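K.L.:
The residues making up each chain are set out below.
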Amino acid sequence: MSRFERLSTEGGQLDGSGIDPASEVPVRTDIDAQVEIYAKTITTNEQVILFEMNKTLTKFTALLGQWLREKEDLLMRDLWASSISYINCTGGTNGDQPSNPSLQDFNNIETILLGNDARTMLASLDAMDKFSTGPTRDAFICLSHTNMAADFQKVSGVLLKANYAEREGLRPEEYCAISRFRVFVSSKGISVPGASLLGRTVYKMPMYGVEAAAKIEQNNYSSVIGYRPPWVVSSVAQNSQLYAKFAIARAITNQNWVSGLNATTTQAS
Amino acid sequence: MAFTLLQQGNFTSAGVGVRIPLPGSADYFVTNNLTQAITQANPGVGVKFEWYNGLTAADAAIEWKKTNSTDALNMVGITSGGFTYVTTYPVVEAQAANAITAITAASPAVFSQTNTYSEGDIIRIYGTTGMLQYGGIDIQISTVSGSGYTAIGLRASGLTAGTAGYTRRISRFSAVLPESLYVTEITKASSAVVRTSIDPTLVYVVGMKVHFSIPASFGMTQMNGLTGTITALSSANYTMTVNIDSTAFTTFAFPLTTASPTAQLFATVAPAGASTQYNTSTGVQTGYDFNSQSFRTSQFVPFMYLAAGAQSPAGQTSDSIVWQAWKKEN
Numbered sequence: 002m003s004r005f006e007r008l009s010t011e012g013g014q015l016d017g018s019g020i021d022p023a024s025e026v027p028v029r030t031d032i033d034a035q036v037e038i039y040a041k042t043i044t045t046n047e048q049v050i051l052f053e054m055n056k057t058l059t060k061f062t063a064l065l066g067q068w069l070r071e072k073e074d075l076l077m078r079d080l081w082a083s084s085i086s087y088i089n090c091t092g093g094t095n096g097d098q099p100s101n102p103s104l105q106d107f108n109n110i111e112t113i114l115l116g117n118d119a120r121t122m123l124a125s126l127d128a129m130d131k132f133s134t135g136p137t138r139d140a141f142i143c144l145s146h147t148n149m150a151a152d153f154q155k156v157s158g159v160l161l162k163a164n165y166a167e168r169e170g171l172r173p174e175e176y177c178a179i180s181r182f183r184v185f186v187s188s189k190g191i192s193v194p195g196a197s198l199l200g201r202t203v204y205k206m207p208m209y210g211v212e213a214a215a216k217i218e219q220n221n222y223s224s225v226i227g228y229r230p231p232w233v234v235s236s237v238a239q240n241s242q243l244y245a246k247f248a249i250a251r252a253i254t255n256q257n258w259v260s261g262l263n264a265t266t267t268q269a270s
Numbered sequence: 146m147a148f149t150l151l152q153q154g155n156f157t158s159a160g161v162g163v164r165i166p167l168p169g170s171a172d173y174f175v176t177n178n179l180t181q182a183i184t185q186a187n188p189g190v191g192v193k194f195e196w197y198n199g200l201t202a203a204d205a206a207i208e209w210k211k212t213n214s215t216d217a218l219n220m221v222g223i224t225s226g227g228f229t230y231v232t233t234y235p236v237v238e239a240q241a242a243n244a245i246t247a248i249t250a251a252s253p254a255v256f257s258q259t260n261t262y263s264e265g266d267i268i269r270i271y272g273t274t275g276m277l278q279y280g281g282i283d284i285q286i287s288t289v290s291g292s293g294y295t296a297i298g299l300r301a302s303g304l305t306a307g308t309a310g311y312t313r314r315i316s317r318f319s320a321v322l323p324e325s326l327y328v329t330e331i332t333k334a335s336s337a338v339v340r341t342s343i344d345p346t347l348v349y350v351v352g353m354k355v356h357f358s359i360p361a362s363f364g365m366t367q368m369n370g371l372t373g374t375i376t377a378l379s380s381a382n383y384t385m386t387v388n389i390d391s392t393a394f395t396t397f398a399f400p401l402t403t404a405s406p407t408a409q410l411f412a413t414v415a416p417a418g419a420s421t422q423y424n425t426s427t428g429v430q431t432g433y434d435f436n437s438q439s440f441r442t443s444q445f446v447p448f449m450y451l452a453a454g455a456q457s458p459a460g461q462t463s464d465s466i467v468w469q470a471w472k473k474e475n
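Top to bottom, those sequences are chains A and B. The first sequence runs 2 to 270 under the numbering used here. The second sequence runs 146 to 475 under the numbering used here.
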């Protein structure tokens with residue numbers, strides 16, 4: 002992947018002398034990512050297929066499909082965890098470094114992203130005449146761990162998902178909106194044990210706008226789920242195999258449009 | 146079903162821990178020390194080490210150990226210095242917490258701590274007393290002895306000395322490379338020299354672009370959000386030179402202990418691609434190193450971590466080690 006950086010906006014005025022302005026050499030930034038291939042197999046004995054009532058091959062196929070998407074998510078999580086800059090929350094009250102999150106911490110990241118001309122990911126949700134609901138602004142994404150959920154509820158100005166004016170089409174993982182961010186939580190979110198000043202688990206929360214990162218799939222290779230029959234797998238045709246396989250390359254495409262917060266929780270961890 | 150020898154390999158010990166990738170995982174793992182098998186050392190050393198998946202605790206092993214000065218073998222269980230089977234990454238190999246007794250207010254900072262760390266290990270500092278602003282940072286250590294080590298990347302002159310705290314050895318790399326690094330110093334110069342808490346040559350190469358995140362608490366606010374190209378790297382000093390003129394910037398300084406925990410931490414630098422340059426006169430292309438600058442998985446998992454030493458599976462320096470990974474298919 003590559004992109005051309007903006008041209009300088011300095012100067013450029015023609016003074017009428019007939020002298021041409023200096024030419025500018027465009028700068029291209031190359032972003033590389035290695036294609037990696039991942040696979041998983043399940044070997045099943047014919048007796049399981051014959052005697053088990055639960056249609057095991059169908060269920061195993063579904064399991065492999067779930068593994069495939071979970072693995073993709075975890076690989077992207079690892080990219081967020083490793084290759085971007087995080088700033089510690091300091092506005093919380095738990096006395097740790099980083100602290101539990103506060104509104105000022107979220108506002109700080111919004112300032113960073115806006116200052117770098119990042120664009121929001123999600124459209125605004127308009128207000129409606131429903132009690133206890135409110136609008137959300139167009140927003141950046143914030144990914145976090147489910148262990149942070151209780152702390153999000155305490156952040157000033159938080160709008161829990163139940164209080165959105167419009168809930169159609171929302172993902173189950175979405176938890177709330179804080180400042181200019183819509184927050185999504187997962188039990189597989191980024192956590193770093195024993196990494197705070199006081200030795201608490203630190204939760205890293207990547208926060209980003211559009212085109213900050215990329216997940217690239219290999220042409221004609223992505224998301225293959227296959228079956229190897231018993232006469233291929235086993236010399237006496239008793240074992241069969243199901244497999245899932247996919248290729249992926251991942252990259253941070255623009256560090257200006259991604260930032261993040263380190264936080265600890267006020268809950269026991 | 147079959148009990149199969151899945152993989153076999155060998156290596157010559159360098160006296161340090163070894164990671165062995167196991168694509169097919171393992172249910173039984175064994176090493177034999179071919180060098181020590183033909184010696185009768187005094188004291189006796191371990192010649193064979195065994196591990197069973199799910200039955201052997203982390204960092205433990207069954208050790209077949211020679212008695213002093215003879216070939217007679219004793220089988221003993223060891224609870225440390227054995228095998229650690231790592232299935233997720235980054236995970237720490239044998240990551241026991243270890244107490245610090247002092248951190249000097251010097252540049253570089255020197256740590257006093259009874260430890261078993263190796264040269265170049267990366268450790269995480271936390272629970273510090275005195276030097277609070279470094280609580281939570283990851284550092285690389287050198288000049289390691291059993292009683293302490295030096296952190297080239299930590300510049301602590303003028304700060305309050307640390308009087309206590311804890312460390313924990315962590316994995317050498319993050320899950321994905323190139324990774325972001327902690328910035329501990331930036332000079333004011335026509336080409337700024339940036340020091341990081343670990344050796345930047347481990348993850349960056351000349352020609353790569355890096356993006357700076359410098360919180361206001363570190364002073365050099367003009368550097369925040371800038372992207373520069375690395376023009377030089379120093380493994381000896383943990384520094385990189387970037388094509389950013391910081392001459393007129395305000396001074397970079399770590400926040401004081403008295404500002405903790407409200408001063409924002411940390412200053413970091415993150416990979417931001419590269420600009421390929423092709424010199425048509427010399428035919429030399431720079432700024433492109435696919436093996437180093439591309440985003441990629443840092444460490445294959447699962448792997449087996451073998452601790453080093455006379456009573457450990459990775460052996461002592463120059464020992465010839467052969468290993469086997471077996472798999473039970475049921």
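If you're looking for bench data, these hints aren't it; they were derived computationally from the structure. Computed from a predicted model, the values in this text were never measured in an experiment. You may find that some hints are simply not true.
Stated by the list, open to error - Below, computed lysine-lysine pairings styled on BS3-like, alpha-carbon distance capped at 27 Å:
#1 K472(B) / K210(B)
#2 K210(B) / K246(A)
#3 K246(A) / K72(A)
#4 K216(A) / K72(A)
#5 K210(B) / K72(A)
#6 K60(A) / K210(B)
#7 K72(A) / K60(A)
#8 K216(A) / K56(A)
#9 K60(A) / K333(B)
#10 K41(A) / K210(B)
#11 K155(A) / K189(A)
#12 K472(B) / K72(A)
#13 K41(A) / K155(A)
#14 K472(B) / K41(A)
#15 K193(B) / K246(A)
#16 K155(A) / K131(A)
#17 K210(B) / K56(A)
#18 K210(B) / K193(B)
#19 K72(A) / K189(A)
K.L.:
What are the numbers of the hints that this structure violates, sorted from low to high?
P.N.:
Violated hints: 2, 5, 6, 8, 9, 10, 13, 15 and 17; rest satisfied.
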